[in-house]
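Participant: Next come the chains, spelled out residue by residue.
There are 2 protein chains.
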Amino acid sequence: MTRPPADLETLIELMARLPGLGPRSARRAVLHLVKKRGQLMVPLAEAMAEVGRTVRDCVNCGNVGTGDLCAICADETRATGQICVVEDVSDLWAMERASAYKGRYHVLGGTLSALDAVGPDELRIPKLLDRIRTEEVSEVILGLAATIDGQTTAHYIADQLGGVEVTSLAQGVPVGGELDYLDEGTIGAALKARRAL
Amino acid sequence: MTRPPADLETLIELMARLPGLGPRSARRAVLHLVKKRGQLMVPLAEAMAEVGRTVRDCVNCGNVGTGDLCAICADETRATGQICVVEDVSDLWAMERASAYKGRYHVLGGTLSALDAVGPDELRIPKLLDRIRTEEVSEVILGLAATIDGQTTAHYIADQLGGVEVTSLAQGVPVGGELDYLDEGTIGAALKARRAL
Numbered sequence: 001m002t003r004p005p006a007d008l009e010t011l012i013e014l015m016a017r018l019p020g021l022g023p024r025s026a027r028r029a030v031l032h033l034v035k036k037r038g039q040l041m042v043p044l045a046e047a048m049a050e051v052g053r054t055v056r057d058c059v060n061c062g063n064v065g066t067g068d069l070c071a072i073c074a075d076e077t078r079a080t081g082q083i084c085v086v087e088d089v090s091d092l093w094a095m096e097r098a099s100a101y102k103g104r105y106h107v108l109g110g111t112l113s114a115l116d117a118v119g120p121d122e123l124r125i126p127k128l129l130d131r132i133r134t135e136e137v138s139e140v141i142l143g144l145a146a147t148i149d150g151q152t153t154a155h156y157i158a159d160q161l162g163g164v165e166v167t168s169l170a171q172g173v174p175v176g177g178e179l180d181y182l183d184e185g186t187i188g189a190a191l192k193a194r195r196a197l
Numbered sequence: 001m002t003r004p005p006a007d008l009e010t011l012i013e014l015m016a017r018l019p020g021l022g023p024r025s026a027r028r029a030v031l032h033l034v035k036k037r038g039q040l041m042v043p044l045a046e047a048m049a050e051v052g053r054t055v056r057d058c059v060n061c062g063n064v065g066t067g068d069l070c071a072i073c074a075d076e077t078r079a080t081g082q083i084c085v086v087e088d089v090s091d092l093w094a095m096e097r098a099s100a101y102k103g104r105y106h107v108l109g110g111t112l113s114a115l116d117a118v119g120p121d122e123l124r125i126p127k128l129l130d131r132i133r134t135e136e137v138s139e140v141i142l143g144l145a146a147t148i149d150g151q152t153t154a155h156y157i158a159d160q161l162g163g164v165e166v167t168s169l170a171q172g173v174p175v176g177g178e179l180d181y182l183d184e185g186t187i188g189a190a191l192k193a194r195r196a197l
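Chain order of the listed sequences is A and B. Residues in the first sequence are numbered from 1 upward in steps of one, following UniProt numbering. Residues in the second sequence are numbered from 1 upward in steps of one, following UniProt numbering.
No lab work stands behind these hints: they were computed from the structure. Among the clues, some could well be false.
FRET-style restraints, in silico, Cβ to Cβ [said to hold, decoys possible]:
| hint | chain 1 | residue 1 | chain 2 | residue 2 | range |
| --- | --- | --- | --- | --- | --- |
| 1 | B | L69 | A | E50 | 31 to 41 Å |
| 2 | B | A145 | A | A98 | 41 to 51 Å |
| 3 | A | R53 | B | A16 | 16 to 26 Å |
| 4 | B | L69 | A | P174 | 49 to 59 Å |
| 5 | A | A146 | B | P120 | 53 to 63 Å |
| 6 | A | K35 | B | S99 | 20 to 30 Å |
| 7 | B | G38 | A | S90 | 13 to 23 Å |
| 8 | A | K35 | B | A74 | 14 to 24 Å |
| 9 | B | M1 | A | A145 | 13 to 23 Å |
| 10 | A | Y181 | B | A16 | 20 to 30 Å |
Listed next, the stretches of chain B that the computed footprint assigns to chain A, with coverage defined by at least 3 CB atoms under 8 Å from CB atoms of chain A [said to hold, decoys possible]:
| hint | stretch |
| --- | --- |
| 11 | 12 to 23 |
| 12 | 43 to 50 |
Using N, Cα and C, we set each Cβ at its ideal position, and we do this for glycine too.
Could you build the full structure based on these sequences and the hints that come with them?
Facilitator: Now the structure itself:
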């Protein structure tokens with residue numbers, strides 16, 4: 001058996017570490033890259049190296065950006081009184097795509113998890129408490145996942161915050177959602193939080 | 001709405017062009033890369049740039065390699081009398097993983113397709129005919145997919161080859177396969193090609 005060139009095997013192995021790709025799909029992706037060397041592989045390698053050079057975590061909120069402060073923390077038009085606490089940068093991006101929120105964020109970098117030994121100090125929780133003392137925050141919106149770990153984290157944070165209004169995203173029927181396909185927990189929550197029309 | 005940094009958006013867009021990744025999974029992969037800048041993104045960018053610099057198509061068979069000739073064409077211990085014709089480099093690698101074949105290969109780079117306007121000259125078919133004239137080939141093994149396009153290509157190649165034995169991979173029950181889950185075409189082919197125990 002003649003093996004593929006060593007450089008290619010290294011590349012496949014690294015690609016296979018990306019979420020959503022396994023050894024098989026990484027091989028397929030790499031062969032596609034080899035076919036499209038000029039149009040895709042070279043620009044992709046350069047884009048990746050560029051991002052590796054320029055991107056860093058915002059020292060204030062943990063979002064990704066290219067300076068000490070991310071674009072949101074540096075934006076003086078964003079309201080400073082509200083902080084939306086999210087688990088990850090991807091959640092922040094999802095909130096931004098919804099274009100419904102004009103305040104600041106705080107990215108925890110994960111959720112508390114006894115099983116994985118993630119405590120408050122592994123997350124960006126001390127920095128959040130710090131920001132609440134210094135930034136004149138009036139409301140903390142918890143935008144955490146409706147999972148056990150997410151809700152444990154939400155309760156822990158709510159306990160730590162005295163003197164600030166703490167809210168959480170509403171639970172209910174998603175837009176376009178059909179009742180038939182929803183789980184009982186969601187329907188129960190939507191019924192409990194029903195509102196007058 | 002504040003958009004992600006432009007470098008990141010470029011990277012996501014390029015990643016989304018890989019097979020098996022869409023815009024959503026590309027975003028997820030890129031955020032994973034950003035989190036693992038040191039351990040994953042920088043090595044991956046370097047590996048990709050390196051492959052972009054070194055890899056090229058073998059002038060003889062179309063396999064990928066790092067020189068004019070690929071490792072298989074350059075290997076003098078491989079039998080020269082047999083050429084296995086495959087559609088793509090991934091098929092060649094699959095054959096090599098099986099460790100069942102000791103001859104040379106010829107990678108077509110696709111299949112004939114009237115719909116996509118792929119004719120013999122778009123594939124590496126002229127080079128195959130050339131090799132058969134110059135390399136003293138005694139057998140051409142067609143290792144093409146059992147699809148319409150694959151079989152059309154196989155018939156076309158068989159027609160072009162005079163004076164050389166042309167064979168094709170057997171069709172039948174895959175190892176570990178249960179009859180219950182096999183399609184009728186495969187079972188029919190396996191029955192037709194049954195052999196004495």
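Participant: Against each hint, give a clear statement of whether it holds in the structure.
Facilitator: Hints, verified against the model:
1. L69(B) <-> E50(A): 31 to 41 Å: holds (35 Å)
2. A145(B) <-> A98(A): 41 to 51 Å: holds (44 Å)
3. R53(A) <-> A16(B): 16 to 26 Å: For A16(B) against R53(A), whose Cβ atoms are near 22 Å apart, the range 16 to 26 Å holds.
4. L69(B) <-> P174(A): 49 to 59 Å: Holds: the Cβ-Cβ distance is about 58 Å, inside 49 to 59 Å.
5. A146(A) <-> P120(B): 53 to 63 Å: Distance hint for A146(A), P120(B) holds at roughly 58 Å.
6. K35(A) <-> S99(B): 20 to 30 Å: Between K35(A) and S99(B), where Cβ atoms are some 25 Å apart, the hint holds.
7. G38(B) <-> S90(A): 13 to 23 Å: The hint (13 to 23 Å, Cβ to Cβ) holds, given that G38(B) and S90(A) are roughly 20 Å apart.
8. K35(A) <-> A74(B): 14 to 24 Å: holds (22 Å)
9. M1(B) <-> A145(A): 13 to 23 Å: holds (22 Å)
10. Y181(A) <-> A16(B): 20 to 30 Å: Given about 28 Å between the Cβ atoms, the range holds.
11. 12 to 23: Three-residue rule met by the stretch 12 to 23 of chain B, so holds; n is 7.
12. 43 to 50: holds (count 8)
Hint check: no violations occur; every hint is consistent with the structure.
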